[in-house]
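A.B. asks: Residue strings, one per chain:
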Amino acid sequence: MSEPHIVVRDLSKTYRVPEREAGLLASLRGLFQRSYRDVEAVRGVTFDVAPGEMVGFIGPNGAGKTTTLKMLSGLLYPTAGEACVLGFSPWERRPDYLRQISMVMGNKSQMLWDIPPLDTFRVLGEIYHVPSAQAQRTVDELVALLEMEDLLTKPVRNLSLGERMKCELVAGLLHRPQVLFLDEPTLGLDVSMQGRLRRFLAEYNRQRDVTVILTSHYMADVVALCPRVILIHHGQLLYDGELQGLAQRLAPFKLIRVALRRPEWDPEGLPPGVDIVESENGRVTLRVGRAQAPALTAHLLNTLPVADLAVEDPPIEAVIDQVYQEGVS
Amino acid sequence: MYHLRLVGQFARASVQNELAYRANFWISLLHSSLGLITGVLGLVVVFGQVETIRGWDLPSTLALLGVYQILAALRGLFIGPSLEALAGMDGEIWTGNFDFTLLRPVDAQFLASVRHWRPFALIDLVLGLGVLVAAVYQLATALSPLRLVAFLLTSLAAVTILYALQLAFSALTLWNPGFLFTWVLDGLFNMARYPVGLYPGWLRIVLTWLVPVGIMTTVPAQALTGTLPPGTLAGSLGAALVLLLAASALFRFGLRRYASASS
Amino acid sequence: MSGASANLRGGWALVKATWASWMEHRGFFYLVAFSWMIPLLIYMFIWSTAAGEGTVGGLTRGDLASYYVVLILVNQLTFSTNNWTVGDAIRYGRFNFLLLRPLSPVYDALASEVAVKVVFMTFALPLAAILALLLRARFDLSLANSLAFLPALLLAWALRWLWGYWLALLSFWATRADALLSLQESLIFLLAGQVAPVVLLPGPMQAAATILPFRYMVSFPVEILTGQLSSSDLGIGFALQVGWLFVALALFVVLWRAGLRRYSAVGG
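Chain order of the listed sequences is A, B and C. All letters in the first sequence, in the order written, are residues 219 to 547 by our numbering. All letters in the second sequence, in the order written, are residues 707 to 969 by our numbering. All letters in the third sequence, in the order written, are residues -16 to 251 by our numbering.
Just so you know, these hints were derived from the structure itself, not from any lab. Note that the structure is predicted; figures quoted are calculated from it, not measured. No incorrect hints appear here.
Only pairs whose alpha carbons sit at most 20 Å apart, straight line, appear in this in silico EDC-like list of lysine to aspartate or glutamate: (1) LYS100/C with GLU168/C; (2) LYS372/A with ASP358/A; (3) LYS326/A with ASP796/B; (4) LYS372/A with GLU724/B; (5) LYS326/A with GLU381/A; (6) LYS326/A with GLU402/A.
Beta-carbon label-pair distances, calculated as ranges: (7) GLY280/A with SER954/B: 33 to 43 Å; (8) ARG121/C with GLY903/B: 22 to 32 Å; (9) VAL832/B with SER125/C: 46 to 56 Å.
Sample of chain C residues lacking proximity to chain B, with all beta carbon distances greater than 10 Å (derived): (10) GLU36; (11) ASN65; (12) THR68; (13) ALA92; (14) SER95; (15) LEU130; (16) GLN211; (17) TRP239.
All residues carry an ideal CB built from backbone N, CA and C; glycine is no exception.
My request is simple: use the sequences and hints to build the entire structure.
C.D. replies: Rendered as structure tokens:
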């Protein structure tokens, strides 16, 4: 195994934000005094990312994902801790470092608004010292991968959100970065456009072996692209590992699906601590703590006319949803 | 070389951007002409009532207006649009698009200062030169080569001071993104339309020492009319250098602050 | 009737909400107020320097200072931001939101008018007081002048607002109608007592100022309050002010109806 591309140790970030209250009187009071409060956006996060790896950053809104990405790309100074990307300390913002990374943000645009994308690409090529022949080749390649030949000569303001996102990706990849930070790249796109961007990113990662960190609210992005996920909640790292392991670690329950030979049965007979997720025409889904699952299975087989029985992990979306809503106990 | 090429690319992209709306040319022409006409008529009204105010007569004040117009044109050409795109209304600092600027492998101050060009500002330049030439013809004394050199040097100092001030006021936005500091400068810069001598004493001090917009037009106009007080030439060049260094330091300091506070 | 009172309540809620959100951004509005003031401040300084210890056109330094202090306040009170925002709303399709509300868009305009005036005054009044002290402004107010000032001020505000509004409505037909607003600002600057009190303007400009509507949007009430007008000037002035107001109202109504028809025909 080669040296990791990204090394993060105990990274923390605290903001000071002004507090405001609603209402007329409060806004009048705000004339004379402002109160502040500290927000710990990221608290002691530690992880490594190997070259060519694709890692999904997940967590609810305000979990600290974007803050972490911004520290790694050199946009923010951390309050404490260290990070090293490609051997550089990101927040020194050395030109040699910035030429090797790229950040694509789904909610911000780096395209020039009133002129065609090709002209933005030319300016960017100049900024990043990309020889024009190579820039041309890279654009051609990416344009072919993204199927966007016909967009290159239209003013950016006339493009749809999805079309613009394709341009953002070309703009971000023009200088062939080794490390790519993708912050919500599929934000606001329709399902088929999301799928195309995912296929593109997977293909690009395979061809060029770039290291990618991706944040997204759409679990489908992460499921499709990232064998490894890092879950952040309230600024803390809750899980780092394979996507599949996440469910086992974080969802302390299993789903038991039972098909009965007779539709009528008595739910009263279930032991305590078992939730009925659904029950319809003799098909019952029960939710039970991981440790209790074997005993309940035996109990069901003994007491009910079972035709079929399966024990499953809950779907990943449900697990994530539960973490986002309740946190992890 | 690399930096010059970059400037070329930015100017080219900006020209394309501006030409996307043809009407902009006519609107710019209208604005520039209106600005000049109101400025000249304003002076005509004032000097219709009095011959001179504190040693300034109509031709010399007109020459100063020409200097102002030229400075405003240079400011409008790239300093203004670039830094306004950074720190102005819906500017990059406010929207967060400044992140992209910081991600570029180029000095952030350079990038932020030359990125946007407004070619139509050249209209102001032509109008300003016209006023200046017209004023010089009306001056009581002839223009000597020595005065011309002094004028060019003080104008260089003026442009430098203008850039430094614009940079400093933009940098302040890094501390408080919600406040349009550059608008304060816009307001103060307007005061440079007239000689600092026409303002009350306390304001003269503010406009000379605190926010030296006054030096920018008064001193070159004095050089042109041959009324430059001794030592002012060296003083304005020195002030320009000091201000440039101070503004750059402030901007750098602001970047650190931005990087530690934004979300 | 109940519909109308509901609208009034809605209108008042709008005023409160607008005011709250404007107070939230007061830094911005103070800045706007500041930049509107600058040209007036410049000429206030220049004229008081020009007067020195003597007089200019019969006005002393104290007279000029008090004239400009009141002018600054009146200018803030009569200046309408709607003129610009309405045009923008039409251009960028935001007018749809306004038309969707069960409330005439005029309420929206009035709400921001009232709110903005209050916010601006929290800035302009203290500043005007400081300026009056610094420049030793001299006020001798007569009761009659003060009484005439108030209706003149109200009419000036109405005239400036309606005049700007009908200009902004031209955006229904021409996308860059805001260029006309710049022209109007220049004319106001030259002819509405800003570059100089109207009595100090050279002959042709003074005549134009007396006939055209711009003086009656800003400086007319100020001239009344500072006692620059004879009673016959006062009568003619009020007549012209009211006359121009009717012209503006007629243009506003005509353009509003035609504009809405066109807007719904072509879509936003």
